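Residue numbers (our numbering), protein chains in the order written: chain B, 1 to 390; chain P, 1001 to 1390.
Be aware that one or more of the hints could be misleading.
To be verified - Below are the DSS-like pairs computed for lysine-lysine, each with C-alpha atoms no more than 25 Å apart in a straight line: (1) B:K134 x B:K291; (2) P:K1134 x B:K356; (3) B:K155 x B:K100; (4) B:K357 x P:K1207; (5) P:K1100 x B:K356; (6) B:K293 x B:K138; (7) B:K388 x B:K251; (8) B:K100 x P:K1362; (9) P:K1134 x B:K362; (10) P:K1291 x P:K1357; (11) P:K1134 x B:K100; (12) B:K134 x P:K1356; (13) P:K1207 x B:K134; (14) P:K1100 x B:K134; (15) P:K1100 x B:K100; (16) P:K1357 x B:K362; (17) B:K357 x P:K1388; (18) B:K357 x P:K1362; (19) P:K1291 x B:K132; (20) P:K1190 x P:K1138.
By construction, these hints were calculated from the structure, which means they are not laboratory data.
Note that the coordinates shown come from a computational prediction; the quantities given were computed from them, not determined experimentally.
Protein chains: 2
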Amino acid sequence: MISEPPVPQTSVLAVASHVGKQLSRLLLTDYLYSNVGNKIAVFVLQSLGCDVAALNTVQFSERATVLAPLTNTCNHTGYRQWKGTRVTAQEITDLWDGLKQSYLDRFDMMLSGYVPGAAAVEAVGNIAKELKEKSQAKPGSFFWVLDPVMGDNGKLYVADDVVPAYRGLVHLADLILPNQFEAELLSEVKITNFASLRTAIETLHSKFNLPHIVITSVSLPLSAQQATPDSSASSCTTMSVVGSTRTSTGKSRLFSITFPVFDAYFSGTGDMFAALMVVRMREAVASSCLKDKASWLSDDDVDALDLPLAKAAEKVLASMHEVLSRTCDAMQAELDAKHVEGPANEEGLSEEERAKKLHLLKSRAAELRLARNWGCLRGPTIEYRAVKLE
Amino acid sequence: MISEPPVPQTSVLAVASHVGKQLSRLLLTDYLYSNVGNKIAVFVLQSLGCDVAALNTVQFSERATVLAPLTNTCNHTGYRQWKGTRVTAQEITDLWDGLKQSYLDRFDMMLSGYVPGAAAVEAVGNIAKELKEKSQAKPGSFFWVLDPVMGDNGKLYVADDVVPAYRGLVHLADLILPNQFEAELLSEVKITNFASLRTAIETLHSKFNLPHIVITSVSLPLSAQQATPDSSASSCTTMSVVGSTRTSTGKSRLFSITFPVFDAYFSGTGDMFAALMVVRMREAVASSCLKDKASWLSDDDVDALDLPLAKAAEKVLASMHEVLSRTCDAMQAELDAKHVEGPANEEGLSEEERAKKLHLLKSRAAELRLARNWGCLRGPTIEYRAVKLE
């Protein structure tokens, strides 16, 4: 009755950090309500058939911000006035050693997301290095998808030394998923137009020998169609991802996919995107001989639009669009049903309490609707197609 | 393309404890590999369309047993020589207060599983009480599924004072899922034959006013067919669940479902069963007016076999059987592929190390295969039907 998972047996190590809170008398807690961080990635990966080992580390926020980590809708590191305790490299290394000691260290793929602190980033790099070395005898048997989370829109939200830490290990990755700002940080090329975008990507290919790159949020006009005055008037309502798989000589094969942007912020979209890319890349190469080639690199004669990376990105964006669209509708319904404005106007609240309550209720309404929209993850309808960039 | 979730919008609070380990320098960690405890319940609930808030507490085991909690296949509390730190009631209460302060305390259902310690059990009872009181104005709007985890096969694996703690709050539950031993502990009726089984269930209905009961592991011969000499020869290979929904006068309506037992132990089956019961009970009443009646209690003229509880249990056991069957196959394949015996016979290991390694590898092979068998959760084929017990 139900179709088989899109991927063959796939064991994924998912590494990320999320923000927790230290309550009095709590030694160790683990709870989730909002779909933040690795929880989203793990659910997406599992529900599409992957076996997942989640190597999560938790950062404490201070007591003053006790509520924010639960419900914040701003970027997961952008909590109002939090000062997190840095995750130590030792923690990550200890957890990894624990997996090894238990013989739980066979992985086909690794996905790494937000990891704060240079030493912790290096610890993640060391895991990738080990797994990569173990896979040497069997090309294509390990693939690292790295989301080099550092900042957005020109603003870092990690410590300064995280940037050189990523530059020092990004050559180990098979696919990276930076946003435009993170691509600039890694490539040291300022992206202002299509030419500089191409230069940035080619620099990433050549400088770090990076096989696959997807820049996840490009708001430049990329195609002739987009650049016309007519459509530029509404340019704020679309965005593009731009991807490339290098050739054997390090040349780029560029494609873009342009999609509409929703006028709302949902936390966890980056994690959903990354987890879906893991699944769809694996799916795209599973039935071809590419899966036995190092980094799943397509032959030089394969066109940009025929790259597994382009096929994967199309499916990923289709799922993203459907989930976000349904999340928007559900959020609107929740706001309309006065679950939010009503309670927030309850009597006896101070102005500050009212603002906080409203913020929390709106945050809840804006949570990604994943559990009820599994079909969008599993079998999305592709609407936005990859276009070749030349 | 993909069917809608089996349940309407359903918000579930899932409360359980699992066992963690304290590594050096680790303040707070959260990682999973094996499908233990609440992780299984959360995945099952989410993948069938529920929004889940997981209120997990973690118990530390001591350093000496650093590997066991990751991979143990024995009962989740039966780790080799662990001495856990008791989860405190305060922890649970603090987490619940955190949810309330964040306005994340609207729930349609609650599922509670393993909670060690009397005070912690009482803390869970207090949450149920609050949610139940809030739902008074709207009958049927809150439903508590309680798995009173205390022990099995005549052996307690919680502290003695947990038993009276459960006896003191079980009247708040809508559906309980004890195994045979736990049913004995709650009812104070020793179950040795069908007559005493009936007495135990009727006692639970009358003494605690319990609406719905499913005893999850009954190995008595229940039907005429089972009691014949022929089939009793193979009686060790089947087991039954026995359920009942009380009438308005406290009478039982008994049914049983008999199913084959696999010759292997898989951890987490109890959690999978409980999570599936949550989903299937909700599904069974969703389209009827029962959902607006307190505790979803069927009218007195409804026959045992027409109870939503019986319908739900049939689907749950169908899913269980399919997942366990596929897990068995996958485990056998892993054992046959010499992923286990080979590595365990590696040179240079002491006898003790070898035994430990073999244990860990076998444990890994015996993990429930959930992620790849989502279809078994979602659309199982019902093979084992409920039979009326009179």
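Evaluated hints:
1. B:K134 x B:K291: holds, 16 Å
2. P:K1134 x B:K356: Holds, because 23 Å separates the two Cα atoms, which is no more than 25 Å.
3. B:K155 x B:K100: violated, 37 Å
4. B:K357 x P:K1207: Distance ~43 Å between K357 (chain B) and K1207 (chain P) Cα, so the pair is violated.
5. P:K1100 x B:K356: holds, 13 Å
6. B:K293 x B:K138: holds, 9 Å
7. B:K388 x B:K251: holds, 14 Å
8. B:K100 x P:K1362: Roughly 15 Å between the alpha carbons, so the hint for K100 (chain B) and K1362 (chain P) holds.
9. P:K1134 x B:K362: The hint holds at about 22 Å.
10. P:K1291 x P:K1357: Not OK: K1291 (chain P) and K1357 (chain P) at ~50 Å, beyond 25 Å, violated.
11. P:K1134 x B:K100: violated, 48 Å
12. B:K134 x P:K1356: holds, 23 Å
13. P:K1207 x B:K134: violated, 61 Å
14. P:K1100 x B:K134: violated, 48 Å
15. P:K1100 x B:K100: violated, 39 Å
16. P:K1357 x B:K362: Violated, because 50 Å separates the two Cα atoms, which is more than 25 Å.
17. B:K357 x P:K1388: violated, 52 Å
18. B:K357 x P:K1362: violated, 50 Å
19. P:K1291 x B:K132: Violated. K1291 (chain P) to K132 (chain B) sits at ~54 Å, over the 25 Å cutoff.
20. P:K1190 x P:K1138: Judged against 25 Å, a Cα distance of about 38 Å means the pair is violated.
The structure does not agree with the numbered hints 3, 4, 10, 11, 13, 14, 15, 16, 17, 18, 19, 20 stated previously, though it agrees with the rest.
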